[in-house]
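Following the hints, complete the assembly by docking chain B with the ligands onto the known chain A.
Respectively, the protein sequence lines represent chains A and B.
The first sequence runs 0 to 101 under numbering that gives the first Met the number 0.
The second sequence runs 0 to 159 under numbering that gives the first Met the number 0.
The reader is advised that the hints may include incorrect statements.
List of simulated lysine-lysine pairs, DSSO-like, C-alpha gap at most 27 angstroms [said to hold, decoys possible]:
hint	chain 1	residue 1	chain 2	residue 2
1	A	Lys39	A	Lys7
2	A	Lys2	A	Lys39
3	B	Lys118	A	Lys74
4	A	Lys86	A	Lys51
5	B	Lys143	B	Lys76
6	A	Lys23	B	Lys118
7	A	Lys66	B	Lys118
8	B	Lys118	A	Lys86
9	A	Lys86	A	Lys39
10	B	Lys76	A	Lys23
11	A	Lys67	B	Lys118
12	B	Lys80	A	Lys23
Calculated directly from the structure, the hints in this document are not laboratory data.
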Amino acid sequence: MEKMFMVKDGWLTITMPEEMDHHKAEEIREGADDYLLTGKVLHVIFDFSNTKFMDSSGIGVIAGRYKKVSCYGGKVVAAHANSRIRKIIMLSGLTDLIEIVD
Amino acid sequence: MVKQKEAWSNGWQMNQEEAANRMELRIMPLSENESFARVAVAAFMTQLDPTLEEVEDVKTAVSEAVTNSIIHGYENKGGDKPVIIEAYLTHRRIHIKIEDRGVGIDDIGRAMEPLFTTKPELERSGMGFAFMEAFMDELHVESKQGRGTVVYMSKQIGGQ
Ligand SMILES: Nc1ncnc2c1ncn2[C@@H]1O[C@H](COP(=O)(O)OP(=O)(O)O)[C@@H](O)[C@H]1O
Ligand SMILES: [Mg+2]
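The shape of chain A in the complex, shown without the other chains:
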């Protein structure tokens, strides 16, 4: 199993679960915020390499982290999202706030 959280050079990388739903949301939110509170993290990358499913609970997790880092000038990136996850992100309107990369 990969580690869910990794910090390097001010970037927190969160390895998103296979199924990003409400059941998983709390664990990710709390884990991520522990790292954000250390003050060593400015930007967040959500890595969707393993993710096959996401619903609006995942949107809440991304938007919540965006709110926290953007007030210090931090960025949020969604990486390796398949076409389904991209569609969900697009429909939510988050594409205006975060960057989507391969």
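Below, chain B with the ligands without anything else, positioned relative to chain A:
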């Protein structure tokens, strides 16, 4: 209002009698059961030979409605009352009903607006109903405060 409500549940009952197949699932309102519920409906609908995208659309919509029953209807408290997931298949269409006996919704129109949420402290995005609407062909919600909520959805499968 009352008339339309009767029309919807009657329509559900009547059409169900002509269904080629149907299912019913009762789950305790626990977040662990969200993936079980959406995967069960997805497996049931394979009989209609859906595309991968159609399966994903239905999974997302079921996940949204079931999650709403668990966190809003039953306020994340679990308990003995169930979330009831029913589905039936007619020619090239899946019909889904998701019901809880929780707190209900006072203003359905407002609840269905994109980005509206009563639980921002839980980081809800307010996009649940918007996704159900986007991914299904039909969406109808009935609710009564203190009594519970029923979500009806349907989607044509294959042969577009
Ligand atoms: N089954 C339900 N029981 C009670 N209230 C509900 C139910 N489903 C939805 N709601 C209400 O409708 C609002 C909007 O739902 P939704 O679009 O899924 O957004 P979210 O779940 O992110 O709040 C919820 O915040 C809640 O107030
Ligand atoms: Mg919701």
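Numbers of the earlier hints that this structure fails to satisfy, in rising order
Of the numbered hints given earlier, the structure breaks just one, which is hint 9.
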